[in-house]
Structures are given as structure tokens and as C-alpha cells.
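**Q** Next come the chains, spelled out residue by residue.
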Amino acid sequence: MSGDHDHDHDHHHHLRESESYYAARTKALESLFREKGLIGTDTVDRVINFFEHEMGPFNGAKVVAKAWTDPAFKARLLADANMAIAELGMRDGIEGENLKVVENKPGTHNVVCCTLCSCWPWPLLGLPPYWFKDPVFRARIVREPRGVLSDFGVTLPEDHKIEIWDSSAQVRYFVIPERPAGTEGWSEEKLAALVSTEAMQGLGLATA
Amino acid sequence: MDGYIEDLTGREAIPRNCESLKFDEPWQGRAFGMVLALAEAKSYPYEDFRKSLISTIGEWDKTHVPGDETWSYYEHWLAAFEKLVLEKGLIDHGELDRRTEEFLHRTRDEVI
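Taken in sequence, the protein lines are chains A and B. Residues 1 to 208 in the numbering used here are what the first sequence spells out, letter by letter. Residues 209 to 320 in the numbering used here are what the second sequence spells out, letter by letter.
Since the hints were made in silico from the structure, they are not lab data.
Cross-link-like lysine to aspartate or glutamate pairs, in silico, EDC-like; alpha carbons within 20 Å at most:
#  : chain 1 : residue 1 : chain 2 : residue 2
1  : A       : 36        : B       : 309
2  : A       : 36        : B       : 295
3  : B       : 250       : A       : 42
4  : B       : 259       : A       : 134
5  : A       : 36        : B       : 248
6  : A       : 36        : B       : 317
7  : B       : 250       : B       : 295
8  : A       : 36        : B       : 303
9  : A       : 100       : B       : 255
10 : B       : 250       : A       : 35
Construct the entire structure; sequences and hints are all you get.
**A** Here it is as C-alpha cells:
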């Protein structure tokens, strides 16, 4: 909307002040696309449904649990994440094609951000949570990662290294958090329940 | 963890996490779905939308400080989408404005 200083902007300024403008604008777009046969009447519902039920953090959590329990899988995941998640039958979606997995280790903590917009591994994590898209978060995470981490409730020892990974169209990053102590012998299912969206982007820790 | 976040207010506030698909208003979900539906239907490559979104957000970032309360992610999403479909000639500006008016003034009898 900014940078749009032509007459159209002024002409429609009165509309834009109204909250319902966006609702009407979106309906107008969908109505026109349906009319032109570019989408069907149920297309948008199907897309939303797909993101709600087939993509989501439960996929990412499964990948982490598998990596914790199967070192050979973890090695494949770190080498070629796309191939490894295909083994688990996970679908490629729009975005998420160029996935790179990084692993938290004692002394090294990885955090993911996208300073340009909000690139996000959708098939593994579903829709990005609000904080990921927020400009305050995007600006602060690079400048003061420890401050942001502490706002998320994560305090790391001073001597721990923090690596920031900036997701882009070329690569979207995904973090394997450290496996919590005391979870030896746990099933993958039980382990997966410990893994949050934040942990898979380095803004939380997995805890048992 | 929620407690830490609640202690931060105003400009420093970190928006609350939502674990699943949630939109503040229904139009945001429709706008989200349309962008992906048209990319899937090969009306444009998804990458073109992504570039449009980056440039829309980039323009905003240049003229606003982080934490500006007028920030609305899906308004940028919609603006980027609109710009793209107009540029691609999928629809034209006039018909989009006319139809917007119809929905705005409830003179169009179509359920979306």
C-alpha cells in the first residue's frame, strides 16, 4: 500500500479507512476469479483445509522425533532434508521445497528468521505464527537474539554460540532442538509431543 | 512462557503465538487461500507472488519504524496479491473497483 502515491490511492482513500474495505475487496477478487473460471467455488476452502489438516507443526514434530531416535535418518536429514522428509511420506507444498535442517548441540543454538518477508517451511510447520511475521521480531532477532530469546523464555549460557539463519526463497531453515534428558526409550509419538513450533525455529527448547 | 510475553507491552510486545491456522478476520483467510489457489492453478508462479510480497513489505519497512502499530501483515499480503494479478492482467482495475463497491454497499447478491 505504501509507495502507491498515484491518483488511485487518493481516490480510494475514503474506502480504505473502512475496516470492511478489505473484506469487500477480497470478496470482489474471489468473485471475479470464480467468474473467469480461474478458481472454483470450493477452491479456496480446499486450500485452507489443506493447510489446517495436512500441513502443520505435527509434521515437523514427527521429523524431530524420528531424528532423535534414528541416527541414520538424522544424517540423511542433515544432508538432504527434502529427500529425508519424502521418506516419511510428507508432501511437498508451495514453499518448503528447499529445506535445510540445522541441529542444536550443546553449546550451539540455532535460530531461524526471515528478515525479508516471512519465508517459512509450511509443509513441516503449517502457517507461520504471528510473531514470525512481525517487523519488531524480524528487526530484533538479528540485532539482539539473546533479548528476543529471553522474551520467549529461553535463556542460554553466555558462552553458548547463537547462529542466526535467515530463510529466503532459496533456503528455508528448520531446527532440530536438543533432545531433553530423561527421555531415553520414549516412543517417537511421545517424543513428538515435546516439540513446539518455537523449538523447531530455535525460539524454544524441547522439554520433557 | 506466556508470562514473559505478557510482561512486554506497547511497542516491544511480541504478538502471541498461534499454533494452528488462525486469521484475525475471515477475509485474511480468503486472501491467503486465493494466492495459493491461483499459484496451484498456474495463473502465476508462486515465486512472483513472493517477490511482490517482499517488495510491498520492503517499501513499508523503509518508511516505518519496527513496531509501528499500523502494521498489518495481511493488508500487505492483499496489496501484493492485488498488484500481481493486475500486472498479470488476470483482472482489470476498473472491474475490481466496481465489484468492490458492490460488495461494500451490499448491492451484489453473491455469497463468498
